[in-house]
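Enquirer: Listed here are the chains, written in short residue letters.
2 protein chains.
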Amino acid sequence: MVSVDEVIPLIESYRPLNPLGEVEVSLKEAIGRVLSRNIFSPSNYPPYTRATVDGYAVISEDLAGVYEDRPKTLKLVGKVATGETKLLRLERGQCVEVSTGAVVPYPADAVVLIEHTHARNGEVEFYRSVARGENIDIAGSDIAEGEVVAWKGTIVTPLLVSVLAAVGIDKVWVYRPVRLGIIPTGNELKTPGEKLEYGQIYDSNSTMIYAYAKSIGAEPKIYPRVHDVVEEIEEALHKALNENDIVATIGGTSAGLEDKTYRVLSRLEPGIILHGVREKPGRPLAVAVHGDKIVFALPGFPLSCLLTVNLYLLPVILKLQGTPKSEVPTIKARIETPIRGEPGIRVFVPAILKHNGEMKAYPLTGHSGRVSAMSLLDGYIIVPEDTEHLPEGTEVDVLLNPFQKNYELNIIGSHDPLLQSIVANLPGYDKVRMVNVGSLSGLQALKSGVADMAGTHLLDPATGEYNLPIIRQLDIKQALVLIGYKREQGFIYRKNTELVSSFKDIVDKHLRFVNRNPGSGTRVLIDHMLEEESRQLGISPEEMKKRLTGYTFEVKTHEAVAYLISRGIVDVGIGVKYIAERYGLEFKPITSERYDIVIRREAYTNKLVSQIIEKIRNLDKATLPAGYSLDTKTGTIIEL
Amino acid sequence: MVSVDEVIPLIESYRPLNPLGEVEVSLKEAIGRVLSRNIFSPSNYPPYTRATVDGYAVISEDLAGVYEDRPKTLKLVGKVATGETKLLRLERGQCVEVSTGAVVPYPADAVVLIEHTHARNGEVEFYRSVARGENIDIAGSDIAEGEVVAWKGTIVTPLLVSVLAAVGIDKVWVYRPVRLGIIPTGNELKTPGEKLEYGQIYDSNSTMIYAYAKSIGAEPKIYPRVHDVVEEIEEALHKALNENDIVATIGGTSAGLEDKTYRVLSRLEPGIILHGVREKPGRPLAVAVHGDKIVFALPGFPLSCLLTVNLYLLPVILKLQGTPKSEVPTIKARIETPIRGEPGIRVFVPAILKHNGEMKAYPLTGHSGRVSAMSLLDGYIIVPEDTEHLPEGTEVDVLLNPFQKNYELNIIGSHDPLLQSIVANLPGYDKVRMVNVGSLSGLQALKSGVADMAGTHLLDPATGEYNLPIIRQLDIKQALVLIGYKREQGFIYRKNTELVSSFKDIVDKHLRFVNRNPGSGTRVLIDHMLEEESRQLGISPEEMKKRLTGYTFEVKTHEAVAYLISRGIVDVGIGVKYIAERYGLEFKPITSERYDIVIRREAYTNKLVSQIIEKIRNLDKATLPAGYSLDTKTGTIIEL
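Chains as they are written, first to last, in the UniProt record's numbering: chain S, 1 to 640; chain V, 1 to 640.
If we strip away everything but chain S, and leave its shape as in the complex, we get (with noise of 0.2 Å):
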C-alpha cells in the first residue's frame, strides 16, 4: 500500500513519463493539442510598414506647424492601394495617397486621414501637421523574426492559431496522443441499450474513461467486456497492450475477478508495481507496467472509478501527451458539519460547493457506489492522512470536478414527479440542482444552508398534521414554508394478487413486504399504520413488525417500491398513486399526504423560486397527474 503522492512518483521510477513522440499537423487539426517545439517566428510582423487609415502618406516634419489656416501643399507622387507590392518611394515635400492596409513608402512616417485634406491637380493642401508614426503600423513592430511565439508544451487555443497563422505558419509539430485502450470486466456488467437482468448492471465507467480521454486529446478504445475468466481477461489484456500506451481494465467489484485480474498482471515484465492506495474510496487500484506500457486495474465503482481517474490516469495521459501542468485544482471552502477521517488513510468525500458568504463544502451523503453523485457533486472534500476528525468550521481543500457546473439554486429532498415537472419547464431549469434524498435529509439541508428548497411529506403521529410539527421541531431558522398540494398514498401490488388493504392481509397471504428508509414520510406513515393495526389486533407493534415478512427491507424511492414489485421480487408496498399507474400497477387508497416545500429566507427573492411559487399557485386541477389534488391552502406561504 502507497500514499496518495506517492503513486505517479513510483510509476515513473519504472517508467519515465515523457511525451510518446510527435506529429506535424496542419494547424486546424492542432487546436486542443500541444505543442512538441518551440515555435520561432518565421517573419516579421506586420511584414510591412502599412497605414491604418485611408490618406496621405507623408515625411511629418514636411508639415511641422500646419494650421486649418495654415495649410501646406506637397506633391502627390503616386497611389499605394492595399495588396499591391509594387515599391514607391517619395522624397521632402512629396506625399503618396494610401488606403488602409497599404504599403507606406519609404521614407513616410506618418498618415493624414483623408478629411484633413484636399486633393487638387496633382497636389495634396493639408490643413493638419502630423506627429511621428500616427495611422502607421511599423514592420516587425509587433513580432519579430525569430522571436519565440509558442513554447513547447502550450495548448493550441484559438488565439494561438491567431499568432502563428499571422506570421504565416500552416504545420505544428504536436505530441502524439496517448491510445488508451478500456477493458470492462465482470460478470454482472451488460452494455448501455442492452437489456438487463436482475442482478445485472450497467457498465459506465468504460464512457465515462472515453469521455475523459477524449476531452484531454487522448484516443481511447473501448474493448468488448470481458467476463471473470483468467484467460479471457489475459488475451484481452494482451490484444489491448499490442495497440495501446495505456491500457485501463475495470474491477468488475466481484473479490475473485480482483484476485484473477492481479494473476494475469503479476506475469507482465515487470508486473504489478503497485496495489492498494492509502485512499478512501480508490483503495483497490492496482499498476502494472509491462515494457514501456502500462496498466491500470481500476475499482469498479464508479465513485472510486472517477476518483483514481481524476487522481492517476488522466495525469499521466496528460505528462505522456507533453501538457505540463497536469495537477488537479483544488479551492478552499469550510464545512458546516464535522467530518471523520481514517488515520492513515487519505478521505476524499464527495462534496457539493456553495458560496454563502463564503465558500462553504457540504458532503453528499451515500457510498461510493452511488452514480448520481456524479452529476451533482462540484468536488472532493480532502481529508488528509493524519486527521481523525475535521471540526465543523474548519478550512479544507476541495479537489475541483473538472467539469463543475455552476448551480444558482438547490432543491434537496423528497422526490416528487410534480415539482420535478415544475422545474422542467422553467425558463431557468438548468440552473436548477435536484438532489433526492428524502424528506428528513433535505430539511437538515435546508438547515445547514446547502438546500435552498426542500419538498417534505412528514406526518406527526402525535398530531396528525403533516410537515409543519416536524418543521418547527427541526427548530430550522431563516425558512418559510410554502403549502402545496395533496397526494395519494396507498398500497401498491400486482394487478393477479388478491385484494390488499391493510397490513393484516399482508401477513395472513404470506405477501413480501417492501419498506421504505427512515426519514422518508412514507415510512412515518407505515410505522403510523402499524401502530394502529397492531392495537386493533391487540397484539404490540413490534410484534406485528415481526409477522410483517420484509419491514426490514428499506428502499428509498417511490419506483424502486414498484419497480421491485413490478419484478416479482416482492409483492406488496406503499406508495403514490401516480408511480402505481407508471408502473401499471394495482392501486389500493389509504390517505391523502400533504407535500410541503420549505425554503430558505435569502432564497425567497431569487427569481426561480419565484417562478416556481407562481407556478403552484396557477396549478390546473384539470392537467394533475393521478392522484394530485389541490385546496384552498395550496400556495400559501407560512412563516416560520
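The set of hints was computed from the structure by calculation and includes no laboratory data.
It is possible that part of the hints are untrue.
If chains are identical, the list can't say which one is meant, so a pair holds when it fits in one copy or spans any two.
[Unchecked claim] List time: in silico DMTMM-like cross-link candidates among lysine to aspartate or glutamate, alpha-carbon distance up to 25 Å:
id, residue 1, residue 2
1, K633, E408
2, K621, D259
3, K75, E543
4, K546, E134
None of the values given here were measured: they were computed from a predicted structure.
Following the hints, put chain V in place on chain S, whose structure we already have.
Expert: Quick look at chain V alone, frame taken from chain S:
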C-alpha cells in the same frame, strides 16, 4: 450605430436565436454537445439490491446481540455469485453466501463480512451482529426510474455520460451544431504557408474563427479568399449562405472593400440590420439577415475581429446550439495606471492580469493591429460609455479571454535572443510570458508591478555607462539588477553595399537609413553617435538628423531592421551582430553594450528566476551566439 448591449437583442428582433434543431447521437458522440431534451431515468439505480462486500446475506435481527464470545449459527441455504440472475430467497434463521456486487436475496437486509464468520457443514457461525442496511446497496436507492437525470440545455460531460450509461442510456438527443461559413476578403491577403510579397499579409482571422467555432462544437468551413470585387464577394456570399446557418465575412482593411461588402449585404432580404457599434476596437462591425440566416461582416484587424467574435458571433452560435449560458465571463481587478475613456463609446483595453496581493489589470500597449497580443492578453479592461477617465486604483471589470493561461513569471522588456534561448531551455519555460516592448517600457512595466524581470540595454550618454544610471533615475524600488552580458552593436547593410562606418558615410552615399524606436537602447546609442559626429563635423545635431534620410523612419526590433535591409526597402541600420549574421548581412562593429536584467525583489525567490540566474552564471563562452561576450561581472547581483 448601436451600443454593445443592443447588438444581440437587435439580431433577435429579426431572427429569434432558438436552437436550430436536434439530432440523436450515441453517448460517445454527444460529449461536449448540448442535450435538447430532459432525460428521465429509464431504470432504477442500482437496478438490484447488491452486496458491497464478500460475505453472507442475513436478516439483521437474526444476529441481534451476537458477539465474539456469543456466536450464533445460521443455516446456509445457497450462494449467489456476481452476475447471477437466478432469484434466491431466505427465511429467518438462514443465510446466503454472496460476492461483492451479487444480488442480496430477499428479505435479507445486511451482509456480514466473511472474516467475521466461520462456515462448516452447511452452516455458518457468526461472531458479530450487523446493522440493518450494512454492506448492501438497495435497488433504486440512488436513482429512481422517472427521475430527471439531466436537464435539456446541459452540456454532456464525462461525468454525465457516466450517469446516463449507468441507467442504461446509449443514445441522446442533442441540438444540432451551427454551420458557419467563413469568407476572408481583401486583396492583400495570403493563406499561411504561401509566399508573401512586401505589401501582402497572412489571413490569420479565418483560422482563429474556425478554431473558436470548433471549440464550441460548431461546424465551421473556411471558403477561398475573395478579392476586393463586388461580383466575387456576392458569389462567395451566396454560396456560403446556401451551405451554412451563419456566414462571417472578414473585412479586409481597406475602406473601399468595406463599402463593397456593404453594398452586397444591402441586397439581402431584409438586409443590413446594423452597421457600426459604439465600441473600440470593433466599431465597423455590420450584421445582415437573409431569411433565417445571419451574416456578420467582421472587422479585419486581429484584435477588433477577436473582440467582435467573442462579444457577438460566439454567443449567437451558442444560442442557436441551445447552450443556456452564452455570456462571456468577467472578473474584477484594480488598475495601476489611469485609463482614458471615450464619451459614448465602450472601450475594451487588452490587458494582462496579475495577482499582486490583489487582482490587478495592466493594459497591453499597442493598437488593434497587434496580433502578438492575442496570445499574451488575459482579457480586456472594460471602460464604460459614460467614463472619461478611470483614475489609478479604480476597480474595473475585465472581460476574460476564454483561453486564459496561468503564467508564473512575466519577462517584459528588450528582446534578446540569448535570454530567450535560456528561458526556452528551462523546465518551467511554459509558465513564462515574454513580452518584447523595448528596454524603457520594460523598466516601466517592472516599476508598475506587472513585469517580474526586464531585460534592458540603455546607454546613459552623460556617464557612458549602461543601464544602472537610467534604472536609478527611474527610481525603481524593490528591485535588483542581474549583470548580464555584452552584445556587439554595429552598422548593418547588404553585402553588396560599400563599407559603412559612420553616419557621414550614410549621408554622403545617399543611403536610406532605418532608425529604431525612442526608448530602445539602440536608439539611445544612435542619437549619442549622431551628436558626437555632428560635433566633429561642426554642425548641429538637428542638421545632421535632417541630412540623414530615414532618421524619422523607426522600427521596433533588431529583426525588423535586418528584414527591411535584406528586402531592399532600406539600405542601412544599427543592430546586434547576431541578427545581422542570421539575415546574411554585413556587420561593421561600433561598440559593445551591456544587456542586464532587472528583477522585482518579490520575484527574486521564484524558482524560475533562480534558474535563469544560475544559467546566466554558467554561460559558456565557447557556445555564445555571434557578437556576445561575458566579463567578470556577469551574473553578479546589484542592490538598488
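Enquirer: Indicate, hint by hint, whether the structure satisfies it.
Expert: Checked hints:
Taking identical chains as interchangeable, the C-alpha atoms of K633 and E408 are never at most 25 Å apart, the minima being 28 Å within one chain and 60 Å between chains. With identical chains, the CA atoms of K621 and D259 are never at most 25 Å apart, being 59 Å at best within one copy and 61 Å at best between copies. In this assembly of identical chains, the alpha carbons of K75 and E543 lie at most 25 Å apart only when taken from different copies (24 Å versus 114 Å within one copy). Taking CA atoms no more than 25 Å apart as the test, K546 paired with E134 passes between copies only; the shortest distance there is 19 Å, against 94 Å inside one copy.
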